[in-house]
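Build the full structure now, drawing on both the sequences and the hints.
Residues per chain, in single letters:
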Amino acid sequence: MTDREVDQQLVERVQRGDKHAFDLLVSKYQRKLGRLISRFVRDPAEAEDVTQDAFIKAYRALPGFRGESAFYTWLYRIGINTAKNHLLANKRRAPTSTPFDAEESESFEEASLLREVNTPENELMSKQVVDVVQASLQQLPEDLRSALTLREIEGLSYEEIASVMNCPIGTVRSRIFRAREAVAENLRPLLETSKGKRW
Amino acid sequence: MKQKISVLMDGELFEDEAASLLDHIKRDSDLHKDWGVYHLIGDVLRQPEHIHCDLSAKVRERLQDEPTVLAPRGRTVKQRMRTIALSAAASLSAVGVVAWMSLQISPEVAPQMAMQQTALRPVGMQTRTNSNDYLIAHQEFSPSTDMNGGASYIRTVSYSRDEAPVKNNPDEK
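Protein chains in written order, with the working numbering: chain A, 1 to 199; chain B, 200 to 372.
Simulated from the structure, these hints should not be mistaken for lab results.
Hints should not be assumed to be uniformly reliable.
[Claimed, not checked] Here are the simulated SDA-like pairs of lysine to any residue, each with C-alpha atoms no more than 20 angstroms apart in a straight line:
#: 1; chain 1: A; residue 1: Lys57; chain 2: A; residue 2: Ser69
#: 2; chain 1: B; residue 1: Lys232; chain 2: A; residue 2: Leu191
#: 3; chain 1: B; residue 1: Lys225; chain 2: A; residue 2: Asp3
#: 4; chain 1: A; residue 1: Lys127; chain 2: A; residue 2: Gln139
#: 5; chain 1: B; residue 1: Lys203; chain 2: A; residue 2: Ser174
#: 6; chain 1: A; residue 1: Lys19; chain 2: B; residue 2: His231
#: 7; chain 1: B; residue 1: Lys225; chain 2: B; residue 2: Met200
#: 8; chain 1: B; residue 1: Lys232; chain 2: A; residue 2: Arg178
#: 9; chain 1: A; residue 1: Lys19; chain 2: A; residue 2: Gly67
#: 10; chain 1: A; residue 1: Lys19; chain 2: B; residue 2: Thr267
#: 11; chain 1: B; residue 1: Lys257; chain 2: A; residue 2: Asp49
#: 12; chain 1: B; residue 1: Lys203; chain 2: B; residue 2: Lys225
#: 13; chain 1: A; residue 1: Lys19; chain 2: A; residue 2: Phe65
#: 14; chain 1: B; residue 1: Lys201; chain 2: A; residue 2: Leu140
#: 15; chain 1: A; residue 1: Lys127; chain 2: A; residue 2: Leu190
#: 16; chain 1: A; residue 1: Lys19; chain 2: A; residue 2: Gly64
#: 17; chain 1: B; residue 1: Lys201; chain 2: A; residue 2: Leu187
#: 18; chain 1: A; residue 1: Lys19; chain 2: B; residue 2: Arg259
#: 19; chain 1: A; residue 1: Lys57; chain 2: A; residue 2: Glu68
#: 20; chain 1: A; residue 1: Lys57; chain 2: A; residue 2: Arg16
#: 21; chain 1: A; residue 1: Lys19; chain 2: B; residue 2: Gly235
#: 22; chain 1: A; residue 1: Lys57; chain 2: A; residue 2: Tyr72
#: 23; chain 1: B; residue 1: Lys201; chain 2: A; residue 2: Arg178
#: 24; chain 1: B; residue 1: Lys232; chain 2: B; residue 2: Ala217
On a predicted model such as this, the values are computed, not experimentally measured, just so you know.
Pasting the structure below:
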């Protein structure tokens with residue numbers, strides 16, 4: 001079952017009245033969508049509100065989503081429209097003069113445009129999360145670190161990772177899980193202490 | 200169960216297992232958190248400079264005010280393909296059945312029936328002109344008239360040249 005099919009299954013659950021399934025989609029795409037919207041809306045508080053609005057609009061529009069495109073492409077389109085409408089309502093121009101679609105925006109990596117203006121509290125929290133994840137990754141045994149890196153950063157499939165690491169697919173599955181769980185173990189206390197705040 | 204979440208988010212879980220796992224996540228808030236934490240780890244590894252705060256709680260709160268969406272059971276692309284495939288299979292089956300049935304009707308049957316008819320045909324049935332006149336004259340009283348219409352006037356007769364005509368009416372001579 002591909003990533004797109006997982007999304008489609010979640011979408012179909014939402015269409016049958018399961019709000020919890022939409023929650024899983026929000027957890028999955030909130031940072032990607034937030035990153036996209038922050039390219040249009042520079043103020044972080046505003047960007048956060050616009051991201052929430054985009055998710056709510058997506059939820060309302062979901063009955064009409066038929067799975068002809070990937071869910072995330074559809075969601076990003078809603079995100080871009082919501083951000084542009086927000087700027088129009090405030091009579092501001094989007095920070096880009098050339099139109100680009102959702103797929104292009106995914107690979108749009110100009111640091112000057114992408115850099116967010118976070119609040120000190122957010123910046124500190126972001127930094128702590130990143131530090132914990134990266135430190136945890138460095139502490140992992142080589143085979144676990146390689147498996148997780150090949151999957152998350154390089155985007156290889158289990159079959160490809162098995163070929164690269166010269167091991168069975170079952171071993172790849174196990175290594176990636178153990179790596180994730182080891183990092184998550186270090187991350188959970190930080191996320192719990194900031195519960196009710198912004199994380 | 201956690202390992203299955205890890206496999207699901209990598210798009211490597213089978214469909215039936217995924218459906219079952221999503222049901223478990225729905226019931227277990229810890230599994231739901233694991234789903235969120237694993238995705239956060241992936242986002243941090245890919246884009247460490249663009250980590251946003253968690254919006255899911257706020258979106259969830261706002262969704263409580265939203266009416267539950269209920270879409271009519273629309274057909275997905277996959278379901279549509281399945282329907283087309285089933286329709287094609289049904290059509291082929293129908294054609295196959297018709298072809299099979301047509302092969303079962305032997306072409307020798309028709310000649311056999313024709314031969315039987317020849318064998319059963321009464322030879323030498325004598326034509327009686329006066330009885331034919333009588334039948335035609337009383338046709339309107341026949342109970343089969345309304346059903347058969349003009350067909351009731353049709354009679355099967357045979358004629359043989361070898362036989363001498365029957366003399367029914369002495370006045371004809």
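Now the hints, each set against the structure:
1. Under the criterion of a C-alpha separation no larger than 20 angstroms, the hint pairing A/Lys57 with A/Ser69 is consistent with the structure, at around 17 angstroms.
2. At roughly 10 angstroms between alpha-carbon atoms, B/Lys232 and A/Leu191 fall within 20 angstroms of each other, so this suggested pair holds.
3. Between the alpha carbons of B/Lys225 and A/Asp3 the distance comes to roughly 19 angstroms, so the proposed pair stays at or under 20 angstroms and holds.
4. Restraint check: the Cα-Cα separation between A/Lys127 and A/Gln139 comes to about 18 angstroms, which is no more than 20 angstroms; the hinted pair holds.
5. In summary, the hint linking B/Lys203 to A/Ser174 is supported, as the alpha carbons are separated by about 10 angstroms, within the 20 angstroms threshold.
6. With a CA separation close to 13 angstroms, the supplied pair A/Lys19 and B/His231 stays within the 20 angstroms bound.
7. For the proposed pair B/Lys225 and B/Met200, the alpha carbon gap of about 13 angstroms is at most 20 angstroms, so the pair holds.
8. Restraint check for B/Lys232 and A/Arg178: the C-alpha separation of about 17 angstroms stays at or below 20 angstroms, so the hint holds.
9. Restraint check: the Cα-Cα separation between A/Lys19 and A/Gly67 comes to about 18 angstroms, which is no more than 20 angstroms; the hinted pair holds.
10. At roughly 7 angstroms between alpha-carbon atoms, A/Lys19 and B/Thr267 fall within 20 angstroms of each other, so this suggested pair holds.
11. Between B/Lys257 and A/Asp49 the alpha-carbon distance is near 10 angstroms, which keeps this suggested pair within the 20 angstroms criterion.
12. Using a Cα cut-off of 20 angstroms, the hinted pair B/Lys203 and B/Lys225 holds, with the two alpha carbons roughly 14 angstroms apart.
13. In summary, the hint linking A/Lys19 to A/Phe65 is supported, as the alpha carbons are separated by about 16 angstroms, within the 20 angstroms threshold.
14. For the hint linking B/Lys201 to A/Leu140, the alpha-carbon distance of about 19 angstroms falls within 20 angstroms, and the restraint holds.
15. The straight-line distance between the Cα atoms of A/Lys127 and A/Leu190 is roughly 12 angstroms, inside the 20 angstroms bound, and the hint therefore holds.
16. About 16 angstroms separates the Cα atoms of A/Lys19 and A/Gly64, which keeps this hinted pair within 20 angstroms; it holds.
17. Using a Cα cut-off of 20 angstroms, the hinted pair B/Lys201 and A/Leu187 holds, with the two alpha carbons roughly 16 angstroms apart.
18. At roughly 9 angstroms between alpha-carbon atoms, A/Lys19 and B/Arg259 fall within 20 angstroms of each other, so this suggested pair holds.
19. Simply put, A/Lys57 and A/Glu68 have alpha-carbon atoms about 19 angstroms apart, close enough for the 20 angstroms limit, and the pair holds.
20. Restraint check for A/Lys57 and A/Arg16: the C-alpha separation of about 17 angstroms stays at or below 20 angstroms, so the hint holds.
21. Simply put, A/Lys19 and B/Gly235 have alpha-carbon atoms about 16 angstroms apart, close enough for the 20 angstroms limit, and the pair holds.
22. For the hint pairing A/Lys57 with A/Tyr72, the CA-to-CA distance comes to about 14 angstroms; that is within 20 angstroms, so the pair holds.
23. Restraint check: the Cα-Cα separation between B/Lys201 and A/Arg178 comes to about 10 angstroms, which is no more than 20 angstroms; the hinted pair holds.
24. Restraint check: the Cα-Cα separation between B/Lys232 and B/Ala217 comes to about 17 angstroms, which is no more than 20 angstroms; the hinted pair holds.
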